[in-house]
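Using the sequences and the hints, build the whole thing.
Sequential numbering of the sequence shown, starting at 191, is according to the numbering used here.
If you're looking for bench data, these hints aren't it; they were derived computationally from the structure.
Predicted model, so just to flag it, every value in this text is computed and none were measured.
Using N, Cα and C, we set each Cβ at its ideal position, and we do this for glycine too.
Treat the hints with care, as some may be off.
As the list claims (entries may be wrong) - Each computed EDC-like pair below joins lysine to aspartate or glutamate, with the alpha-carbon atoms no more than 16 Å apart:
no. : residue 1 : residue 2
1   : 472       : 455
2   : 459       : 476
3   : 350       : 294
Claimed, not checked - Ranges of calculated distance between the beta carbons of each label pair, as one might list FRET restraints:
no. : residue 1 : residue 2 : range
4   : 433       : 250       : 16 to 24 Å
5   : 271       : 231       : 23 to 31 Å
6   : 292       : 226       : 28 to 36 Å
7   : 470       : 433       : 21 to 29 Å
8   : 488       : 433       : 26 to 34 Å
9   : 222       : 191       : 43 to 51 Å
10  : 387       : 441       : 43 to 51 Å
11  : 281       : 461       : 20 to 28 Å
12  : 281       : 403       : 40 to 48 Å
13  : 334       : 389       : 20 to 28 Å
14  : 377       : 330       : 19 to 27 Å
15  : 272       : 227       : 24 to 32 Å
16  : 194       : 272       : 17 to 25 Å
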Amino acid sequence: MLDARKSAILRKIVSEHIETGEPVGSQHVVRDQTIDVSAATVRAEMVTLERDGYLTHPHTSAGRVPTDLGYRFFVDHLGERDGLDPLRAEQVSEFFTRAHGELDSMLRDTSRFLSTLTDYAALVVGPPHETLLVRSALVTRLAPSTAMVVVVLSNGFVDKQVFEIDVSLPDDDFEAANTILRRHFAGQTLSGLSAPPPSSSTGVDAIISSCVASFNQDHTQSPEQGEVYIGGAANMANQFATVDTVRQILAILEESLVVVTLLSEVVAKGNTVSIGAENEVKSLAECSLVVSPYQVGEEVVGTIGVLGPTRMNYSQALAAVAVVSKRLGQQLAGE
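This is the structure:
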């Protein structure tokens, strides 16, 4: 625990470093009128904070920068968190007013939007396919040898698959297949669609079998892992000084399973922020991760987050992730 004066000095140093990216000296701290002590006293307290692991001292500067422990103290003592500023709040409202269409596009667009909102890389893990139920289904011929099956999911979004068919199949077989699909697919999970009992028509059965196979072949992920959508990965190039660091972070973002695991571990620990060495992946030692699960109704179905430098604007990132996760869940629930 830090006393009030050390806490105030540390918060000032962290917030100043977040804003400028530069080491913070005692003269910057004493300019804060809420810290009513001399520069000498501030320097002495900074020495103590460095000794206790909250600050570190770059060799080329007289100022200090926060350590992971310093950032952790800052995040844990943000107090009452501010919401999004009016401009960003309006952007969120406009985005979700326009958002519609297929689930895949919705989640991809959300990741891009969240990245734009925060200037960090944004991560969205979609609902596991086992959680999505089919509300209705339709199969239609696109071309003589091509057909498309479309399912409307329980959350109101749409998924579709295109497959090849026998050119000799008559249109009447598609009408009959639709009657069976609407009745049989409703209430099944998207990842576990099963074919109905054989009908009296081999053509109808062939169409239905292709519909089932096209979805089951596409949904080959573990049922516990949803699709991962990354928005704004290029933002990492503007956040870190060395090319090697950026390269390592981008390599991590390409590993979907690693991303899902990172987000899951933060949520499992009951945290919303993972800072520096708290991340399980060594390549992310200079990064912080802000996460939030989103839910449809009462059920948590996925996770969103932003990945940036430890010197991220935590207040803004926390507010953005919280608002977007809530609105995404509402959108998926059709609210």
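Here is what the structure says about each hint:
1. 472 x 455: 15 Å, holds
2. 459 x 476: Cα-Cα ~20 Å, so violated.
3. 350 x 294: With a Cα-Cα distance of about 10 Å, the restraint between residue 350 and residue 294 holds, given a limit of 16 Å.
4. 433 x 250: 16 to 24 Å: With Cβ atoms ~21 Å apart, the hint holds.
5. 271 x 231: 23 to 31 Å: Since the Cβ atoms of residue 271 and residue 231 sit about 30 Å apart, the hinted range of 23 to 31 Å holds.
6. 292 x 226: 28 to 36 Å: Distance hint for residue 292, residue 226 is violated at roughly 58 Å.
7. 470 x 433: 21 to 29 Å: Holds, since residue 470 and residue 433 (Cβ atoms, about 24 Å apart) stay within the stated range.
8. 488 x 433: 26 to 34 Å: Hint violated: Cβ distance 46 Å, outside 26 to 34 Å.
9. 222 x 191: 43 to 51 Å: 22 Å, violated
10. 387 x 441: 43 to 51 Å: Given range 43 to 51 Å: holds, Cβ gap about 49 Å.
11. 281 x 461: 20 to 28 Å: 27 Å, holds
12. 281 x 403: 40 to 48 Å: 42 Å, holds
13. 334 x 389: 20 to 28 Å: Cβ of residue 334 to Cβ of residue 389: about 23 Å, so the range 20 to 28 Å holds.
14. 377 x 330: 19 to 27 Å: Check passed, 22 Å falls within 19 to 27 Å.
15. 272 x 227: 24 to 32 Å: 27 Å, holds
16. 194 x 272: 17 to 25 Å: 22 Å, holds
Going through the hint list in order, the structure does not satisfy hints 2, 6, 8, 9.
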